[in-house]
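Using the sequences and the accompanying hints, generate a full structural model.
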Amino acid sequence: MSGLEVQQLTIEYRVANQTLPVVRDINLSVGAGETLGIVGESGSGKSTLGLAILRALPANGRIKAGQVLLDGIDLTRVQGPALRALWSRSLRLVPQNPLAALNPTLRIGDQLTEAIGGRRQDAIAQAAALLARAQIADPMRVLRSYPHELSGGMQQRVMIAMTFHGAPRLLVLDEPTTSLDVTTEAAVVDLLADLIAERRPAALFISHNLGLVARIATRAAVLYAGELVEIAPTTFLFQHPRHPYTQGLLASLPHPGLRYNQNPLQPIAGTLPDPGALPAGCIFAPRCPLADEQCRRERPPLLPATPDHLVRCHHWTMVEPYAPSPATPTINALTNGQPLLAAHRLTKTITPRRTFADLVRGKRPAPMIALAGVDLTVCRNRTLGVVGESGSGKTTLARCIIGLTPPSSGAIELIDIPLAPSIQQRPPEQLRRLQMVLQNPQEALNPALTVGEALRRPLIRLGGLDRRTADQRIPDLLRLVSLPPEYANRRPHQLSGGEKQRVAIARALAATPDLLVLDEAVSALDVSVQAAVLNVLAAIKERTGIAYVFITHDLAVVSYLADDVVVMYQGQIVEQGPVAAVLSPPLHPYTEVLLSASQPDGIRAREADTAVPPPVSGCPFQPRCPRAIGELCRTTPPPWRDAGGGHLIRCHIPLPDLRAAQMTD
Amino acid sequence: MILRYLLRRVVLLGVTVLISSIIIFVICRLLPGDVARVLLGREASEAALTALRAELGLDRPLPIQYLDWLRGFVSGDWGVSYSTRQLIRPLVFERLHNSLLLAGATLLLAIPLGIGLGVWAGRRAGKLDDTAISISTLAVTGLPEFVTGLLLIDLFAFRMRMLPANSSLRPDANLLEIIPQLILPAMTATLVLLAYIARLTRAGVIHELNQDYVRTAMLKGLAPFTLLQRHVLRNALLPVITVIAISLGWLISGLIVVENVYNYPGIGRLLTFAIDRRDLILLQAVAMITVVIFAVANLLADLLYALLDPRIRLGDETR
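The listed protein sequences derive, respectively, from chains Y and V. Heads up: the first sequence begins at 9 in the numbering used here, then just goes up one per residue. Heads up: the second sequence begins at 114 in the numbering used here, then just goes up one per residue.
A hint or two may mislead.
In the SDA-like style, the derived pairs of lysine to any residue whose C-alpha atoms are separated by at most 20 Å in a straight line are [stated by the list, open to error]:
hint, chain 1, residue 1, chain 2, residue 2
1, V, Lys240, Y, Asn68
2, V, Lys240, Y, Asn25
3, Y, Lys72, Y, Thr18
4, V, Lys240, Y, Thr552
Hints were generated in silico from the structure; no laboratory data involved.
What follows is the structure in structure tokens.
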């Protein structure tokens, strides 16, 4: 038969003299030309499953039982040269991180031709054609480049080109767009869907992003702790989830219409079971609101809810989708807020270091303008969302506010007290009032300190408490971020990712700051954990009156949590205002492009040609703008247009035309 | 542009050498013992000593002596040895030539052996042969060179009678005569370097084998050997090459113990000879040439790394 058929696949890892069955008893089939989504959070075993199917498990992993049939051939029995021949001919992988997946010291051309094989001249021609098919504008230049000289999107297009040489029969896409910007992600997903339809391999699309899976896959399987808990056509799965875990995932997912104060997200309680100590009955029972004696005793089989909708739950008939009534958009205008922090005309120019190659070619890298004159006001007890693609300057802005990166020019003041540009020059009182939470809690916590010790330091240093009073405050701080007080004695390695991030938030709150800057603070977290952290942040804000600057690339999170939002592009603010006014409907073409990236047929930005420098004088977004109106955009900086209620848009297109465009689309 | 970078590095190198020259000069003057007394012997009269000091210029102020010496060194006039009355420059250059020979012979042994063992151990990480390689290379590195040297002499020269125990080269020996004399000293120096090269290679191979791009290459269906040499080694050996380039300085001018064990006429033995005889002017010249060799080896290492790795950023080009 044609396509992929996985039967009773069980995979184990050897970790510290222990064998852990990380994936158990998986059955699934994917026809040629079909895309099956594999959904799950970290620890679900989804990447392991993908690698095992390709026979590319790391050295400590092995297939313990089961079959992987590709066009009738059992891949688990193929060895040595036969396996290498299969790899080169039929099996393909598009990995998560394209930069890591390309050899840093070989040119793209060498890496592509090596995969294609045959005579070098033919291989180069074929490689160029593949790159062109992957929508790379200048294939010959890319062939001569090293991986680090390309943007993330280009690197992933190279990987895709490499994947689609010859006639692939099986394609595993392992989070192929997770490291990309939303706008690039949209284009790459479109390309993948296109190529799968054209070449017709059996495809597995592995992702934690439910929305993406819904776009590209016709059916999806949900993995939890190494087991397949539900599989169904994607539309069914997302509208009528039958497994409590799937239901919980969807209820954790921020989407338009949800607001923290009206219809909050419902995170899944508890944590993933330890793969060395799995529960006896249903593996989800310890976290499941429906669990009863039967669930704890016997493992449920995959039951058919409909013929093509299978669910591993005793009580699937009782599962109801989370369908809150949409939030009423309340636009409480910016003017309601009491200003807390203001930035005036902030600029930051960064001169990159030169590479040896630059030197050989006699090139001097152009200075990068990270911030190009940003004016910003943050109000008390409000959340200001800062959104934009990577390179838009949002992290630089955060670092300028905190003082980690002194601006090149401009000033920041805290309710009329000017702040010193650098954190070293700021007195403790100013440090106390501004705190920050970083993206990666793994690296933000000192592994040698217990949670209590990490919290005690800011209490003493910035809070001015003596040691005894500080220690009395620690349990309160932990409760504030919904952690039990006993956690004070734990060390970071004993915490999950979400718990670490909560400790990082607690540490930042220890000094009772007026403003907390959160730089992609929930981006690395699984959706169920992210929902819990977002709700904790919302509760703290209600209770303490703190203000947040919430930096993220995720517009759904901003629309859930933020009161105000600024949209940044290449170091400039292009739109700002109350979140409901800015996002629904989007008026600025860039905001519109960002928002519609998650829609299958949304409006797309044009791909910027890196060879052509952006206009010096005009609108920075003009080269990519789908609604650019011509010469004016290229030559003249766009004016600020006032849409009322603090909503400002920087665009040449008059407001009525922008509004009309949203009505007709 | 590249020339400007090179020029800058060479200027920096010059500054390094200049600072070192001051340190060398000052330390040589601080050494206990009076040159004149050493040269003329204990019985010499005070008048004779004063006359000799004046002849050697030792009675002038130190800065003048320093500048005089430096000018001479730069212009190629390195003076005459106090103890042997020979011209210093040809002497140092002859020894340098010998040292280069020994360094080359050592690298010929150490590089293939160290990398080979490292690759083997890295591919078999955690297995018995990996542990055996790691422990044995470490053990021989831990032994001082005079111990390994004497063991090798005992084994190869006295018991097996395969190789000469004494490597003092005849002045006009041809290469065929020299090679057997090079083997034992080169083996001794190799044993010191081996563990570094092997361990660094092993660590590199293990690190690279776990990288995503190796999996990408594997999934292209490449043969294991192609995978290893084209992808894994290409990246794993980058730091190894740098370490080898840096160790070149030590190999040329730091093999003091090895050269003494085998009586090998290299820079290292010239250095001990100069110290022995309180031959300050010779000592200064040898120390200076050592500094230059180390500085050049380091520059070579930096340039090699930058040439081999397209991602390398040149740290000092900012602002």
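Hint numbers the structure violates, sorted upward? 4
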